[in-house]
Amino acid sequence: MVKPIVVGAHYGLKDWIVQRATAIYMALFSLVFAFCLLGLPEFSFSAWTELFSAACVRFFGFLFVLSLCYHAWIGVRDIWMDYVKPVGVRLALHLITFFLLAGYAGWAIRILWRL
Amino acid sequence: MTEATLDKQAPRLRPKYLNVFELGARLPLPGFLSILHRVSGAGLFLLLPFLLCLLDLSLTSPAAFDDFKDVVANPLCKLLLLGLLWAYLHHFCAGIRFLLLDVHVGVDLPKARRSTVVVFVVSLALTLIIGVKLW
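Residue numbers (the numbering used here), protein chains in the order written: chain E, 1 to 115; chain B, 1001 to 1135.
Simulated from the structure, these hints should not be mistaken for laboratory data. One or more hints might be untrue.
Unchecked claim - One side of the interface only, derived from the structure: several residues of chain E facing chain B at Cβ under 10 Å:
hint : residue
1    : 13
2    : 23
3    : 82
4    : 84
Unchecked claim - Computed cross-link-like contacts, BS3-like style, restricted to lysine-lysine with a CA-CA straight-line distance of at most 25 Å:
hint : chain 1 : residue 1 : chain 2 : residue 2
5    : B       : 1133      : B       : 1069
6    : B       : 1111      : E       : 14
7    : B       : 1111      : B       : 1016
8    : B       : 1069      : E       : 85
9    : B       : 1133      : B       : 1078
10   : E       : 14        : E       : 85
Built from N, CA and C at the ideal position, the CB exists for glycine as well.
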């Protein structure tokens, strides 16, 4: 049994919770979205864009994008923390990951909202 | 003051770090599932720009939509997407198992081993079904 010694830093509880909350949201979204796809009459440009231009798909899709990026940030950061020991390299990888994910979020939101 | 109380509690028990690369072939099935959860997550992260590219293309214009269909029809692309589909489904199923373990469902070893098999079977079967349905 590990006995944590409280010295005032945060121990990643927030990230732990956010990782799981975003996972649950994305799982539910995936299921609903999969059923929406099954209900599509045909896979054509008009049907496909109509699905994505629906207000609720945009609303919940936006939340999906945010969840995905936050979830991926925690997961990838954990990978760097586990396997990359030199502090400089680790910091660089953290920053690259962060900026990539921020950029992806912007890109995805643009795709969703320009329709 | 705080330093003194910290000293008293030594030696402290810390979480044990196990290097998965050294564990190698001795990894039991649940450990294998766990590392695949990480690998699939990393793969999805690395290929996220590719997926965003495809989504972008498919929603730009009717002409771009045709381009999207051509790209997706490429055998190499199909294989890559099939791999990503498996990664997503494995991450999904293994993730649900981890969430259940978090709330102490199926923690004891026989149940944990059984749920590992269920995750592998369900994720692979779904990959096969969806893969065949799409192509």
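Right, here's what the structure says about each hint:
Taking 10 Å as the C-beta cut-off, the interface hint given for residue 13(E) is violated, the closest approach to chain B being about 13 Å. Interface restraint check: residue 23(E) against chain B, minimum CB-CB distance 5 Å, threshold 10 Å, status holds. A least Cβ separation of about 8 Å between residue 82(E) and chain B falls short of the 10 Å threshold, and the interface hint therefore holds. A least Cβ separation of about 13 Å between residue 84(E) and chain B goes past the 10 Å threshold, and the interface hint is therefore violated.
Distance check on the hinted pair: residue 1133(B) and residue 1069(B) sit about 16 Å apart at the alpha-carbon level, within 25 Å; holds. A C-alpha spacing of about 29 Å is found between residue 1111(B) and residue 14(E), which places the hinted pair above 25 Å, so the restraint is violated. Distance check on the hinted pair: residue 1111(B) and residue 1016(B) sit about 24 Å apart at the alpha-carbon level, within 25 Å; holds. For the hint linking residue 1069(B) to residue 85(E), the alpha-carbon distance of about 43 Å lies beyond 25 Å, and the restraint is violated.
With a C-alpha separation of about 13 Å, the suggested pair residue 1133(B) and residue 1078(B) falls inside the 25 Å cut-off, and the hint holds. This hinted pair checks out: residue 14(E) and residue 85(E) have alpha carbons roughly 24 Å apart, not beyond 25 Å.
Consistency note: the structure conflicts with the earlier hints numbered 1, 4, 6, 8.
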